[in-house]
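A.B. asks: Generate coordinates for the entire structure from the input sequences, incorporating the hints supplied.
So the protein sequences, as listed, match chains A and B.
According to the UniProt record's numbering, the first sequence is numbered sequentially starting from 1.
According to the UniProt record's numbering, the second sequence is numbered sequentially starting from 1.
Read the hints as simulated data drawn from the structure, not as lab findings.
Please note that the accuracy of each hint is not assured.
A few chain B residues that don't get close to chain A, going by computed Cβ distances all over 10 Å [as the list claims (entries may be wrong)]: (1) E80; (2) R104; (3) L184; (4) P255; (5) Y260.
Among chain A residues calculated to face chain B with C-beta under 7 Å, some are [claimed, not checked]: (6) Y15; (7) H55; (8) E74; (9) V76.
Cβ atoms here follow ideal geometry from the backbone N, Cα and C, with glycine treated the same way.
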Amino acid sequence: MCHRSEDGRQAFAAYREQKRIAFTAEAKIEALWRLLLRHRRDRILVFTEDNDTVHRLSRLFLLPVITHQTPPKERVSLLAQFASGALPVLLTSKVLNEGVDVPDANVGIILSGSGSVREHVQRLGRILRKKEGKRATLYELCTAVAAEHGVSERRRQHRAYQKEPQPRRGPAALRPGPIDQVPSDMSEPTGPEEHVPGDMSEAPGPSPRARGPRARAASPAEDEC
Amino acid sequence: MLTRDLLVYRRVKGIRLRPTFVDPDDDDHIATAGALIELLTHAAGEPRGAVDEAADAICGEARKVKVARGLYKLLTDRCEWDDPGDTAMELRAAAFARSAAVLRDLSEESSLSDYLAAVAAGLPRPLADVRAHLYDDLAEHRRLLSAKLPSPAALLARYNLALAQGLVLYAGSLDVRAPSPGPLELRKLLRWLRFSRLVAEVRRDGDGWHLRIEGPAAQLDMQKKYGLQLATFLGAVPVLGKFTVEADIDLPRQPRARLYLDHKDPLKALDDGPLGHIPPEIELGMASLGDARWTLDPMPELRHVGAAGMCVPDFALRDATTGKSVAVELFHRWHRHALLRRLDELAARPDPHFLVGVDLSLAKDDALAARLATAPQVFTFNNFRPGSAWHRCSSRSATCSEGQVTCPRGHVPADSVIRSRSRPDRMSERSPRRPKPAALTCPRTSPRSRLRARRPVLTCPRGHLGSDRTALRVRIVPP
Numbered sequence: 001m002c003h004r005s006e007d008g009r010q011a012f013a014a015y016r017e018q019k020r021i022a023f024t025a026e027a028k029i030e031a032l033w034r035l036l037l038r039h040r041r042d043r044i045l046v047f048t049e050d051n052d053t054v055h056r057l058s059r060l061f062l063l064p065v066i067t068h069q070t071p072p073k074e075r076v077s078l079l080a081q082f083a084s085g086a087l088p089v090l091l092t093s094k095v096l097n098e099g100v101d102v103p104d105a106n107v108g109i110i111l112s113g114s115g116s117v118r119e120h121v122q123r124l125g126r127i128l129r130k131k132e133g134k135r136a137t138l139y140e141l142c143t144a145v146a147a148e149h150g151v152s153e154r155r156r157q158h159r160a161y162q163k164e165p166q167p168r169r170g171p172a173a174l175r176p177g178p179i180d181q182v183p184s185d186m187s188e189p190t191g192p193e194e195h196v197p198g199d200m201s202e203a204p205g206p207s208p209r210a211r212g213p214r215a216r217a218a219s220p221a222e223d224e225c
Numbered sequence: 001m002l003t004r005d006l007l008v009y010r011r012v013k014g015i016r017l018r019p020t021f022v023d024p025d026d027d028d029h030i031a032t033a034g035a036l037i038e039l040l041t042h043a044a045g046e047p048r049g050a051v052d053e054a055a056d057a058i059c060g061e062a063r064k065v066k067v068a069r070g071l072y073k074l075l076t077d078r079c080e081w082d083d084p085g086d087t088a089m090e091l092r093a094a095a096f097a098r099s100a101a102v103l104r105d106l107s108e109e110s111s112l113s114d115y116l117a118a119v120a121a122g123l124p125r126p127l128a129d130v131r132a133h134l135y136d137d138l139a140e141h142r143r144l145l146s147a148k149l150p151s152p153a154a155l156l157a158r159y160n161l162a163l164a165q166g167l168v169l170y171a172g173s174l175d176v177r178a179p180s181p182g183p184l185e186l187r188k189l190l191r192w193l194r195f196s197r198l199v200a201e202v203r204r205d206g207d208g209w210h211l212r213i214e215g216p217a218a219q220l221d222m223q224k225k226y227g228l229q230l231a232t233f234l235g236a237v238p239v240l241g242k243f244t245v246e247a248d249i250d251l252p253r254q255p256r257a258r259l260y261l262d263h264k265d266p267l268k269a270l271d272d273g274p275l276g277h278i279p280p281e282i283e284l285g286m287a288s289l290g291d292a293r294w295t296l297d298p299m300p301e302l303r304h305v306g307a308a309g310m311c312v313p314d315f316a317l318r319d320a321t322t323g324k325s326v327a328v329e330l331f332h333r334w335h336r337h338a339l340l341r342r343l344d345e346l347a348a349r350p351d352p353h354f355l356v357g358v359d360l361s362l363a364k365d366d367a368l369a370a371r372l373a374t375a376p377q378v379f380t381f382n383n384f385r386p387g388s389a390w391h392r393c394s395s396r397s398a399t400c401s402e403g404q405v406t407c408p409r410g411h412v413p414a415d416s417v418i419r420s421r422s423r424p425d426r427m428s429e430r431s432p433r434r435p436k437p438a439a440l441t442c443p444r445t446s447p448r449s450r451l452r453a454r455r456p457v458l459t460c461p462r463g464h465l466g467s468d469r470t471a472l473r474v475r476i477v478p479p
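C.D. replies: Right, here's the structure in full:
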């Protein structure tokens, strides 16, 4: 099938639509709302994969957004208000992944992202900025029984997410493989996980592969710094 | 201008760069260009996101997708989109402040609808309206107001030029050689050189001319702006009948290469119109001057400066009463070395009908400021906006025209005597056109050491020599 034929274009459009549905599943939005409520007095950074999602969330919750399209003046203002506590939540796609110091952020919610380990660790690093008495929590929401689940597994192949410290792996070992080829040492959840199904109960759920298309919130990296 | 991802070029033998020009008579390209122009012709009032989506479909069907995307980019550069201003930003600020306050006071059992109802109660507009206009300032939501659309053939010609311009943005240097240009064409090119404010060296090369221009890669700052100006200048080169262009290209993450262009390439000049383009800033400045005595001459004669240099003044001011004109050359922040060279040349060979305008940012440098303070015929400007810079320029021109000598504080010698080391009659014998530099000094206060100096030394009766950055207003009267 040629990507320039009508069929090819339709197939690509269907692929993008499938990704969009997985990234912004209703259960995810519901889970995000519960997490926002739970941490309403903290400083929360919400990460998404694309700008469309982040703008959609902003329109839904009327929460502030920082993307590459945000005017510099507004960006400075939003970061200052976030630091002072006037704004408890910032939604972003990738622009806050790296290079921006937001030491006051102590809760990170990854709503969607790529399979890049580097990106995931960078996002974790946003909330692990040192501050006295700070306890940082990272949540990852992903749709079970979807390609996104495998992507989530891939991007957590880093020692920051291991329960026991692992020897440092070389770049080749970190290179992500096909989605359905989860390494044997990653078949079981590796860190302390918190499963939040549709009813948002905090009881651990079954294995991620056995669950239906519901949102899963995990906190693999909950650390005190 | 094309962005780097839209440039199409190939490397010959690893080092030679050749843009992959399109055939302006190719039916497929003409059809694609026509479809894109047709799309934008009927897209007035449509949001940019929708227009881009429709253009994507056209580009996807083109035989060369990258070429089609480049054509669309050039077309959108000619479009004007509406600007909602700060309205959307203000709306967001109000909405986010309200939502933060509400979120903090909620209980953990609150529902989303409770939250939204509480937020909506404190918003300046209905919730649905706020949501609809929250991001009106995003590019994809801006609506097309108007577009200056070319014909398909003109668009393809512009595309070919843009391919070369896109590479020149990464040039370290650019050499233009014209074997035997006509005087009008050469003049137009040199005018563009000045208007583009480039750092260049112009030389006679037998019967032809050789222009060596510094590229943005050789600049320490303002690279993007300088690169755009160089690319704009390249658009004027095809006015020369025959030419060759060579440039060192330093593309990011690629080995250095050399670009070769000549008149056989399908390059068409940006402006085929008559001579006499005047930059809007200069037109505005003259309008703001409001002085009927001075008229703007946008095409002054080329001037010889120094031993072998050639100068193309930016403009000239013609005195309506005497008919004399004073040429003005402007030096911007990237012209530091060129300015120093010009000051040396003027010191060695003063030109009484020549003024040097210096960007204030250059005068911030102490060493250069001291140099400017002792140099005659200098005035400063800041972006050459209408205002004081124009008045300084015209007042300098007036003194050039009238032959007065004053100090920066306005002290005119009581006896109005200007003593010159060189007698006028001897000067006229040596060189009637270019008088030897004369040392002018105030008769009351000049030290003898000043008189011995080679450069013109200017003081006033009260000794205000170089006490501020402005130079003495002086005219060295030719015999």
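A.B. asks: For every hint, state whether the structure bears it out.
C.D. replies: Hint-by-hint comparison with the structure:
1. E80: holds, 19 Å
2. R104: violated, 6 Å
3. L184: holds, 46 Å
4. P255: holds, 25 Å
5. Y260: At roughly 33 Å from the nearest Cβ of chain A, B/Y260 sits farther out than 10 Å, so the non-interface label holds.
6. Y15: violated, 15 Å
7. H55: holds, 6 Å
8. E74: At about 6 Å, which falls below the 7 Å cut-off, the nearest Cβ of chain B leaves the hint on A/E74 intact, so it holds.
9. V76: violated, 12 Å
Hints 2, 6 and 9 from the list above are not met by this structure, while the remaining hints are.
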